[in-house]
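**Q** Here the protein sequences line up with chains V and S, keeping their order.
Positions 1 to 337 (the working numbering) are the ones given, in order, by the first sequence.
Positions 1001 to 1149 (the working numbering) are the ones given, in order, by the second sequence.
It is worth saying that the hints were derived from the structure and are not from the lab.
These figures come from a predicted structure and were not determined experimentally.
Even glycine gets a Cβ: it sits at the ideal position worked out from N, Cα and C.
One should not assume that every hint holds.
[Claimed, not checked] Distance ranges between label pairs, derived from CB positions:
1. 1149(S) / 151(V): 36 to 46 Å
2. 117(V) / 1058(S): 34 to 44 Å
3. 1098(S) / 117(V): 17 to 27 Å
4. 1057(S) / 60(V): 29 to 39 Å
5. 1059(S) / 117(V): 31 to 41 Å
6. 1062(S) / 286(V): 43 to 53 Å
7. 144(V) / 1065(S): 26 to 36 Å
8. 1107(S) / 305(V): 35 to 45 Å
9. 305(V) / 1098(S): 37 to 47 Å
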Amino acid sequence: MGVPAMTRLARVATTSVLAAIAILLVGAGAALAIGDYTLPYYSPGVTLSYGVDRDPRPGVQLDWTGHTWNDGTPHWGRVYDNHTGADYPMALRTQLAAAKGGIVVDLEGGFGTQEFGEFGNFVQVRHADGRHTLYYHLASAVDGGIVVAVNQAVSAGQWLGLSGCSGICNGPHLHFELLVEQGQNLVWVDPLPARLYTTWPPRVPFLASYVRESNPGTEVIQRGRTITHWVEFRNVGGRTWRSAGYPGRIALGTWNPAKHASRFRASDWPSSWLATPVDHAAVSPNGTGRFTFGLRGAASPGSYRETFNLISEGLRWFDHGHLGGYYIPIVVTNLTE
Amino acid sequence: MRRCQPRQTVLLLLLLVCGVAACEPGAAPEGGEASTPTEAVASPSVVSAIPVERPALPDGFPVLPGARSEAVPDDDLSTIARWTSDEIGSVAYDYYIEALPAAGYPTMGLYPGGAVAIIRFEVPGTAIWQLVLTRDGDGTGIEVRLDQP
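Turn these sequences into a full structure, and let the hints guide you.
**A** Here it is as structure tokens:
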């Protein structure tokens, strides 16, 4: 412990000349995402502070857009000299997500959350494709900075820990690296131009926006009767939504407070708080998923509202604000009304 | 975080192996990036025109306590002021993200990083400038410069 992963692993910078040639040949063509990684955090408001420098020469920087800077000075949103990862500014103790499923192979959590020094806290995950992701500058383990353990399997989008500013850190941020195994070495790659994300531009794993619903107004339910309601959300995150499988199934559950037993639960609900999984077997990023479920007028006559949110079961609730604070106004009436 | 020195021979070999015909457009080998992304995460601003004279640092501009003033090269008109400090880590960054707005310089963008950080801020009615913080030995280099990408 105490030694960051990058010093435990020999690195070979082999990419820069290839990249320069390829860029000259291809130009600025449209880039398609070809990998299955997502951004390593949940907040869609986080943007890149500095990316990988793909030119190993001191003072010369090849940024993720293919632009070369010969001045050696940092360029915001692009690169600084000899930088091996992507820096994402975020407040201390921001939740971090596994960019892809894998196994935790190394971690360090013994440094202070803002302890400056050559080494800092990190989590390293190995993925089935032979790549590794590294999440660096994390908060101290005693500060909740690490919530996984070595040899633990983690799912795509799973919470790994909290950001911090440990190690060589000039303002709180996450340093995110993607590396590929080559023999005994790990060779860093730049996931942006290598298009290793599920979408382009890359996205956070779980995010949705409201589209429409069967009744955008008030649902009036006679006491003891059940009506059917559906709502559609667009998948504006980076992960495909699936209706089966645990963890990770995407479902609609009660919110505020989370997982409260609903007084409007109908017989088709899987549980007291879970209204329904997504109707479709799979909803890709940019697709729209429908959630159909019953609402039963079991409560006393009166006016109510039931609030719902999406959940990746066992992993993460969605950002309810991004769903427009979704809720259903409900009026329960007597049968004779 | 900094990487090891490159292996020049490997680069040359790759250069030879990846002939013009072998570089398939749009499908680069891993680590050998092909096309330039067209959708920027952050778009650089327009480069500030290099002035004929170096702008003067306004009176009362916040200076990290204990920082020592450094000379700015005469031929570098885009650099307005420079200091060094024995402080390390986030001390300078944390100071300036509060001191700049408090002194009347609204921040336009915060770009923390490992060895460097940039704070873009507005000089009201004048321009956008940058505060550039870099690791400088066992301390921190602090520089105010004109805005640039």
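**Q** Hint by hint, which ones does this structure get wrong, listed from lowest number up?
**A** Nothing - there is no hint that the structure violates, so all of them hold.
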